[in-house]
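Asker: Chains as they are written, first to last, in the numbering used here: chain A, 4 to 175; chain B, 59 to 509; chain C, 3 to 541.
These are computed hints drawn from the structure, not numbers from a lab. All the pointers check out, no bait thrown in.
Heads up, simulated BS3-like pairs for lysine-lysine below, C-alpha to C-alpha not over 30 Å straight-line: (1) B/Lys440 <-> C/Lys71; (2) B/Lys433 <-> C/Lys187; (3) A/Lys154 <-> A/Lys85.
Short derived list, chain A residues pointing at chain B, Cβ under 8 Å: (4) Gln35; (5) Thr38; (6) Leu39; (7) Ser99; (8) Cys140; (9) Ala143.
Away from chain B, derived, C-beta distances all over 12 Å, residues of chain C: (10) Thr58; (11) Lys218; (12) Glu304; (13) Glu363; (14) Asp398; (15) Gly498; (16) Arg500; (17) Arg534.
What you are looking at is a predicted structure, and each value in this text was computed from that prediction instead of being measured. No residue lacks a Cβ here, since even glycine has one placed at the ideal position from N, Cα and C.
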Amino acid sequence: MIAPKRILTDAILTDAMIAEIEALAPRYPNRQALTLPALHIVNDALRHVPLQAVVEIAAVLGLAPAEVQDTLSFYAFFPQDKPAGEVRAWVCRSISCALRGGEEVLEHLCHVAGIEPGGTTTDGSLTIEPAECLGACDFAPCMLAGKELHKNLTLESAADFVRTTQQQSARL
Amino acid sequence: MPPFTPVLLEAVGIPNGHTLASYRARGGYAPLEQILREKQPVDVVEMVKASGLRGRGGAGFSTGLKWSFLPKDHPGPIYLCINADESEPGTFNNRILMEDDPHQVIEGIILAAYATRATTAYLYLRCEYPQSWDRLQGAIDEAYAAGYLGNAIKGSSFSLNLYLHKGAAAYICGEETGLIESLEGKRAWPRIKPPFPAVEGLFRKPTVVNNIETMACVAQIARRGIDWFRSIGVPADPANPRDPGSYGPKLYCLSGHVERPGCYEAPLGITARQLINEYGGGVWKGRRAKAAIPGGISMGLLTEAELDTPLDFAGPGRVGCLGLGTAAVVVIDETVSIVDFLHNSCRFFAHESCGQCTPCREGTAWSLRMLERIKAGKGRLKDLDLLAEIGNTMGMMPGSTICGLADGAAWPIKNAIKKFRGEFEDYIKTTNPTGWMVTEPVPALQIVGAH
Amino acid sequence: MAVVTVDGKDIEIGATERLNCIEVARRAGVEIPHYCWHPGLSVVASCRMCLIETGTRDPATGKVTMMPKLVPGCQTPAKDGTVIVTESALVKESRARVEEALLIDHPIDCPICDKAGECLLQDYHFEHGQAERRADIHAFHSRRRDVGPTVTLFVDRCIMCTRCVRFAREVSGTSELMVINRGAKEEIDVFPGFPLDNKLSGNVVDLCPVGALGDKDFLYQQRVWFLKREANVCGGCATGCSILTEHNQDSVYRLKPRENPHVNKWWMCDDGRYGWHHLHDSSRLLAAEHRSAAGATRQTIEWPAVVTRLRDDIKAAGSLAVAVSPMLTLEEAWMLCAVARSIDPHAFLAVGHVPTRGADESFPGGFTIRAEKCPNRLGVEAVLSLFDQPLHSWNDLVEHVRAGRATAAWITAGHPEPWIDATTAAPFADLKCLVVQDLFDSPLAQLATWRLPAAGFAERAGTWVNAGHRAQSFEQAIRAPAGVWPEGRLFWNMLGRRGLYDPVAVRQQIAESSAALAALAGEMPATGVDLRLQQLAGA
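Next up, chain A with everything else stripped away, as it sits in the complex:
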């Protein structure tokens, strides 16, 4: 199933994104293996993978849109309806963090940010989501915000994080 790479003039996938996907193609013996890398490339750029992007990814990879969506929806990592916040904070709720106050930290973070777990602040600066074990139990309770691991969180440091994030976003 070879499909044209650009179907619509207002396509979501840019040439740069497509080039990035194609650059990985020689690593794999088939196109379907590019699915997760392609989803990450789009998600990194847009902070979500809208349905239209799924159609375009499918066309690039020679798959049916349902095949890409099947994979995407399994992982619950890729938002679809709207972009995640500029900063996406994953707060661990697994056993080691829960034992050292992780649930309370999550609750406090959401309270300070004024959102429910899984939600995004109205200024679009911050999304807070519960995560399963982040593999940083030596620094429990912990949180992964973007590429930065926040260690040994307290209610105070959690509140500081929210305020700093929103201030930084306002400055941009």
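Chain A is already provided as a structure; the job is to place chains B and C on it using the hints.
Answerer: Only chains B and C this time, still in chain A's reference frame:
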């Protein structure tokens, strides 16, 4: 006991320990070069077999034996997958290895690929480890530049490409065929076996899936020798011909209610109490332990009295736990309700069940719902019987499910109810004084959506 | 020969046969319950309903060693020495638990669910489930979601067997269906804007073990326990899928494919599946009508009178041309030729109009829809060859009439779709006697002296020969509408035969009269016979 001089963790604390220069200065890559010059792939397989190395990912299967399952004269390609999806709650040793000594891991990978005649290796890395990604990619780039990866490595006829492949936050991608399906771009539903990956794995070609720590061990075995490896740990029980022993150093993760959570390297076979007291500074805040997870949450619970269990491949099983698992010990102090523990465990497994097979998909959801109802003060003693039954029937071991996630979900339930039944009963009776004795089904708690 | 033991009973299987435990147990009369396995799809062993105990028997000592844990019957090959146990406590408990698990979140929909009466969840619950519910009570009914123009989905009834998803990926090759989410939140869905819309869509409804997927065409039309079913053959194209016609009180409600490894395996296409509505179209021709001249009013003639007057009229008109429709059965075609030659020994016999649409369409799973939209061209040609060489086509007949070489014509058709226009029909206006036997009115039927109704595919019994030279005999499912004598009955009476029309007797007669069709003799297997093989054998 005298502290064990770290080998796998030798780079921790060394400035720029993650670089190629540092690794070579510590003796790294020389073993690889010698093996490429002087040994055949089958020699490396025999070396690893003779060392007694058992996989560090959780199953503890003999690594050399796993490699030998590959078909002998396959035209290829053969694939090596490195499982860096480390998601077992309480476990973080792979993270430290990748961040602090990526070249150790890479040398092990190249040796493993040489042994198995793999021509492409994919390192499947969970997306929650961005620092590991950067460190590994940096090390891979250094390795290519130095000629340890790519075509005709160090003048030999052996070529290998190593690629990082990012996951997307699903625990089941740590199951070897779940990893394979995910790499292939599909939902990570583990495959039925047979066929086994050694025969038909990634892209339907012969494949070996190995853990990060296992790869690091391979590099150290190549450097320090079989005798060194076998001098550490617990030898095979001479009375039991089927016991392969528990050889080598192990990275133990310690977390939860201890003074010093961290990753500690020790010979296989130290006890949980030794780990907690001699490495971890003891239970925190002067408290007593109520229980401890022996090897990642899937392995179940040790009671305080069982903390003298040796943490080797055979020890935890003797006290009713699933096994050594990832050797990640999580300490739970006396102030924690066992109901909260089990709820946390059931929530994790219900969230992570891939949903493919009926007993796990429905059993994990059912057990979570029961724990939620118990926590909401509407529990019944009958629920404990139902939970115990789910715990006893769900899993790969009885044959009811396709993969071991269900066993991992079942064991905390089994252990918690068997070893702490009194606490559950007290909780239920106290919080539901009028309904704890009901045996007929009760109305479900409000469920959001149909499921 | 290999010996497999099923619940203590030894049965033999072929040494080279590759069978799983479900297939072998079936041969021993034991049905291992299962949802997700299907012989036409990949094996996933995910429902866990087919878990059984297996072991091996040592051929030397006869000692049986059983495996300590249950295994899925669908993924376990049965070989020489395999021992299968399906009645142990371990197996029974496992089945009860799988049923319980599936019912925990199953909506209370039986009273409003089409599948009731043919639902595996119901059946297995009754046979293998436990009597009382143990899980929390959660009464709800299913959400409904459209997945395509012909198929509807009741989302919450789904038990995640994934047969439908695998079908769309492996057999139709269209991959419209997908699983979304993870764990107990999984659902079946289609991608927005890419509905389930391929020519084989309806098969997913057959595959669904429960009432999750439904035919919009059949939804809420009839309870399945009122339906009777006959083994039929689809008349939609030259593939000739084996089907079941399901009906009640002479109304067809739905068609289902019937397994035939030589023709359609387990599938049928949507055109055939939903292509029965013309049988109950109110504009069908419903009476034998005669008019004395163009412009005169048509009179309805009683059928016994038709038998004699038709013969007289044609004889009086002179030279006869006959179009033997590829919608007719072998038996009807043969009788028509015999009737024609008994009236005019030099009657011009031709194959009737062969409707063609598009090109042959093949699917990855090995199914083909043919462009030739009639079921029996090869059969009609074989019958005509018994009377005449060379064969004459419909175009030859039209030319024959246009050239004025016929003064009477008998055109059989029976096509559900319009098949002739006024221009092609025009030459037939000059005939002294034109007989048109068809389902619906047409420009040709407008010119007819005798306008006779035809029977639909479910209203006749007989034999068709498909594009693969396979002859399949089938039963009559419903009666033709009142006032309609099916072609077979009319021709039988015009031949002067006594009693009710007996297609089996006619088939036997055809078989005895021809070496090429000798395979038609005797009892016909349910999946038909390959006429060419018999011809090779006889040669």
